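K.L.:
Sequences are here, hints too, so could you generate the full structure?
The chain contents come next:
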Amino acid sequence: MSCIRFLTKHSPSSSFSSSILRHIRFMSNVPENTVYSGPTPQTANQRTTLMQLRQKHRNSKPITMVTAYDYPSAVHLDMAGIDICLVGDSASMVVHGHDTTLPITVDEMLVHCRAVARGAKNPMLVGDLPFGSYESSSDQAVDTAVRILKEGGMDAIKLEGGSPSRIVAAKAIVEAGIAVMGHVGLTPQAISVLGGFRPQGRNILSAVKVVETALALQEAGCFSVVLECVPAPVAAAATAALQIPTIGIGAGPFCSGQVLVYHDLLGMLQHPHHAKVTPKFCKQYARVGDIINKALLEYKEDVTNGSFPDAHHSPYKISEADAEGFSNELQKLGFDKAASAASEAVQKLNATK
Amino acid sequence: MSCIRFLTKHSPSSSFSSSILRHIRFMSNVPENTVYSGPTPQIANQRTTLMQLRQKHRNSKPITMVTAYDYPSAVHLDMAGIDICLVGDSASMVVHGHDTTLPITVDEMLVHCRAVARGAKNPMLVGDLPFGSYESSSDQAVDTAVRILKEGGMDAIKLEGGSPSRIVAAKAIVEAGIAVMGHVGLTPQAISVLGGFRPQGRNILSAVKVVETALALQEAGCFSVVLECVPAPVAAAATAALQIPTIGIGAGPFCSGQVLVYHDLLGMLQHPHHAKVTPKFCKQYARVGDIINKALLEYKEDVTNGSFPDAHHSPYKISEADAEGFSNELQKLGFDKAASAASEAVQRLNATK
Numbered sequence: 320m321s322c323i324r325f326l327t328k329h330s331p332s333s334s335f336s337s338s339i340l341r342h343i344r345f346m347s348n349v350p351e352n353t354v355y356s357g358p359t360p361q362t363a364n365q366r367t368t369l370m371q372l373r374q375k376h377r378n379s380k381p382i383t384m385v386t387a388y389d390y391p392s393a394v395h396l397d398m399a400g401i402d403i404c405l406v407g408d409s410a411s412m413v414v415h416g417h418d419t420t421l422p423i424t425v426d427e428m429l430v431h432c433r434a435v436a437r438g439a440k441n442p443m444l445v446g447d448l449p450f451g452s453y454e455s456s457s458d459q460a461v462d463t464a465v466r467i468l469k470e471g472g473m474d475a476i477k478l479e480g481g482s483p484s485r486i487v488a489a490k491a492i493v494e495a496g497i498a499v500m501g502h503v504g505l506t507p508q509a510i511s512v513l514g515g516f517r518p519q520g521r522n523i524l525s526a527v528k529v530v531e532t533a534l535a536l537q538e539a540g541c542f543s544v545v546l547e548c549v550p551a552p553v554a555a556a557a558t559a560a561l562q563i564p565t566i567g568i569g570a571g572p573f574c575s576g577q578v579l580v581y582h583d584l585l586g587m588l589q590h591p592h593h594a595k596v597t598p599k600f601c602k603q604y605a606r607v608g609d610i611i612n613k614a615l616l617e618y619k620e621d622v623t624n625g626s627f628p629d630a631h632h633s634p635y636k637i638s639e640a641d642a643e644g645f646s647n648e649l650q651k652l653g654f655d656k657a658a659s660a661a662s663e664a665v666q667k668l669n670a671t672k
Numbered sequence: 023m024s025c026i027r028f029l030t031k032h033s034p035s036s037s038f039s040s041s042i043l044r045h046i047r048f049m050s051n052v053p054e055n056t057v058y059s060g061p062t063p064q065i066a067n068q069r070t071t072l073m074q075l076r077q078k079h080r081n082s083k084p085i086t087m088v089t090a091y092d093y094p095s096a097v098h099l100d101m102a103g104i105d106i107c108l109v110g111d112s113a114s115m116v117v118h119g120h121d122t123t124l125p126i127t128v129d130e131m132l133v134h135c136r137a138v139a140r141g142a143k144n145p146m147l148v149g150d151l152p153f154g155s156y157e158s159s160s161d162q163a164v165d166t167a168v169r170i171l172k173e174g175g176m177d178a179i180k181l182e183g184g185s186p187s188r189i190v191a192a193k194a195i196v197e198a199g200i201a202v203m204g205h206v207g208l209t210p211q212a213i214s215v216l217g218g219f220r221p222q223g224r225n226i227l228s229a230v231k232v233v234e235t236a237l238a239l240q241e242a243g244c245f246s247v248v249l250e251c252v253p254a255p256v257a258a259a260a261t262a263a264l265q266i267p268t269i270g271i272g273a274g275p276f277c278s279g280q281v282l283v284y285h286d287l288l289g290m291l292q293h294p295h296h297a298k299v300t301p302k303f304c305k306q307y308a309r310v311g312d313i314i315n316k317a318l319l320e321y322k323e324d325v326t327n328g329s330f331p332d333a334h335h336s337p338y339k340i341s342e343a344d345a346e347g348f349s350n351e352l353q354k355l356g357f358d359k360a361a362s363a364a365s366e367a368v369q370r371l372n373a374t375k
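So the sequence lines, in the order shown, correspond to chains A and B.
Using this note's numbering, the first residue of the first sequence is number 320, and each one after it goes up by one.
Using this note's numbering, the first residue of the second sequence is number 23, and each one after it goes up by one.
Derived from the structure by calculation, the hints contain no laboratory data.
Since we're looking at a predicted model, the values are computed, not measured.
Even for Gly, the Cβ is constructed at its ideal location relative to N, Cα and C.
Treat the hints with care, since some could be wrong.
Stated by the list, open to error - Below, a list of computed lysine-lysine pairs in the DSSO-like style, where the Cα atoms sit at most 30 Å apart:
(1) Lys-636/A - Lys-380/A
(2) Lys-440/A - Lys-316/B
(3) Lys-672/A - Lys-354/B
(4) Lys-656/A - Lys-78/B
(5) Lys-339/B - Lys-354/B
(6) Lys-354/B - Lys-613/A
(7) Lys-78/B - Lys-316/B
(8) Lys-339/B - Lys-380/A
(9) Lys-469/A - Lys-440/A
(10) Lys-490/A - Lys-375/A
(11) Lys-83/B - Lys-636/A
(12) Lys-78/B - Lys-667/A
(13) Lys-302/B - Lys-613/A
Stated by the list, open to error - Here are a few chain A residues that face chain B, going by a calculated C-beta distance under 8 Å:
(14) Gln-365
(15) Glu-427
(16) Gly-451
(17) Glu-454
(18) Ala-495
(19) Gly-496
(20) Thr-558
(21) Gln-562
(22) Pro-564
(23) Ala-642
(24) Phe-645
P.N.:
Below is the structure:
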């Protein structure tokens, strides 16, 4: 498109430009009369870097993080200027409809990662290592982390937990050259031993463990740590003890940044049951689910009573002459009902004009 | 949960029920103090069947179809009472951000199918055969169709086009016991030969071809045919010529039903570029993208100025005694900053009460 404008603006004579235009109009890769075309590529690399996050943290400016699982949500996060885009294994619950984050596989996570990478050009991209893909050994952890970056297009990975083997794995991944975000407190992949989605750090022992684990992850080379579902004072302590930023979810206001799940913050799922299970720590910034519901009911109504599509939404025309020829051709082939339907349609359309 | 209610209501003595309760309270699969739990399973099979669609068509009641690609959208379609839920290869464009429907693979389609199957219990589920998965031979077509039903949980498949080999493939799939929805007019997988996303049926030859192809697909055993981006009189003719229902998109008001892409009808993608390329035949029933954008900006503002999370969204508590013990423990371990941060946090929280 821009090359046409260039040629018409800068060509020496109008006959030259019109012949160029005539030539271009017949090229099949310059779409004419199209229904829809694709997105234009972004230019300069504006991707949020580790250095920028460090700077924000140093200047006590809160870091924003939101999850995304596909191209549109990634575009939205990009447009809103969110710092970090997390492709979370929470996809297992909010996109795939499972009860836990356990079922999602690395291959499924990679599909989400790639879609998000296509959509978000500015936020830093962090991909979760899903349950079962990194717990056996450091080797397995490094292999999975490599795939998330190589095949998924992410900038960094996040893994859950702080057991000794987990710390060793985190270190190995950092040594492989991959930035790691830690995750302590309620770690949803461990609901089996936790006994459910239960907040952590609510007694002295557990609270101290949260702080110590976060410190161990920092020691291993993590660039930040997510604190999930712990009391605010515990999160405050961990944040003060660390040099790296903490990103909280259900962890109070004293963290270096906050993260929420896309669908929860937008009020996407408005099924009666889901409305009950939106986490209490999540603020709904919109009720998108209600709006979607209303829009779909309206579409159904419009289609059922025949008001959609109207003339405005039926844009593709066939000339009257061709319509007549078409009708005759159908009659010749023996399709009488079709022939009259075509003629009737032309009449109806003319009547509404 | 319901078993607890049952036991307390129906047990002969209160001591029996209280001992049962005590027992249950220690069972790990009865979540207490949880953050979020999963959806409850649906009961009776209310799935829309071929017979019901045939009935609607016979009674001249328009059939509604919308695309869905994940669990939440499937739930929304279910709640709105949409007849058919199409897991379209349009996912390639609206979910994965590609410029065409060509890149998506069968494995990726299956992930979408499974997520949708989990969410939509009432609409009929139709899965698209993606580009490259069924064109080589009838065998390949049947194998892919089988996977879509077996691994994807769909009720039927849709394939594009009407060349002789395509008709043969459709017939083979029907003979394998799988319901087939045809698709003529603009077939997005064929943009290579079509020269782009260009509306079809706009001259006599092309218009007659649309009708003949639709009839051939009916002959092969298809239960319905999608008509995409053809002039209204051509769609009217095809609809009249067929005994099976036609589902139109950009094909005017004379089809047996209508289909739209989820993201288009909801105005999901509000990136300046995408707003330009929303198809002209699509009516936007909401501007969800704008709402999402506003909500994300508000979240970013709230986090940046520290107003989220407030006390209402920081629900996890640690007792004052434990908080003090925690602070002391941290001091013993040498984390003085952390210890004072914890105490300060407790004070601040008490102040805001």
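K.L.:
Give a verdict on every hint.
P.N.:
Cross-check of the supplied hints:
1. Lys-636/A - Lys-380/A: violated, 56 Å
2. Lys-440/A - Lys-316/B: holds, 19 Å
3. Lys-672/A - Lys-354/B: violated, 84 Å
4. Lys-656/A - Lys-78/B: holds, 20 Å
5. Lys-339/B - Lys-354/B: holds, 23 Å
6. Lys-354/B - Lys-613/A: This hinted pair is violated, its Cα atoms lying about 58 Å apart.
7. Lys-78/B - Lys-316/B: With a Cα-Cα distance of about 40 Å, the restraint between Lys-78/B and Lys-316/B is violated, given a limit of 30 Å.
8. Lys-339/B - Lys-380/A: holds, 26 Å
9. Lys-469/A - Lys-440/A: This hinted pair holds, its Cα atoms lying about 17 Å apart.
10. Lys-490/A - Lys-375/A: Between Lys-490/A and Lys-375/A the Cα gap is close to 24 Å, so the pair holds against 30 Å.
11. Lys-83/B - Lys-636/A: holds, 26 Å
12. Lys-78/B - Lys-667/A: holds, 24 Å
13. Lys-302/B - Lys-613/A: holds, 22 Å
14. Gln-365: violated, 15 Å
15. Glu-427: It holds, given that the least Cβ distance between Glu-427/A and chain B is near 5 Å, below 8 Å.
16. Gly-451: Check failed: Cβ of Gly-451/A comes no nearer than 17 Å to chain B, outside 8 Å.
17. Glu-454: violated, 20 Å
18. Ala-495: Violated, because the Cβ-Cβ distance from Ala-495/A to chain B comes to roughly 27 Å (cut-off 8 Å).
19. Gly-496: This hint is violated: Gly-496/A lies away from chain B, its Cβ roughly 27 Å from the closest one there, beyond 8 Å.
20. Thr-558: holds, 7 Å
21. Gln-562: violated, 11 Å
22. Pro-564: Interface hint status for Pro-564/A: violated (13 Å vs cutoff 8 Å).
23. Ala-642: holds, 5 Å
24. Phe-645: holds, 4 Å
Hint check: violations occur at hints 1, 3, 6, 7, 14, 16, 17, 18, 19, 21, 22; the rest are consistent with the structure.
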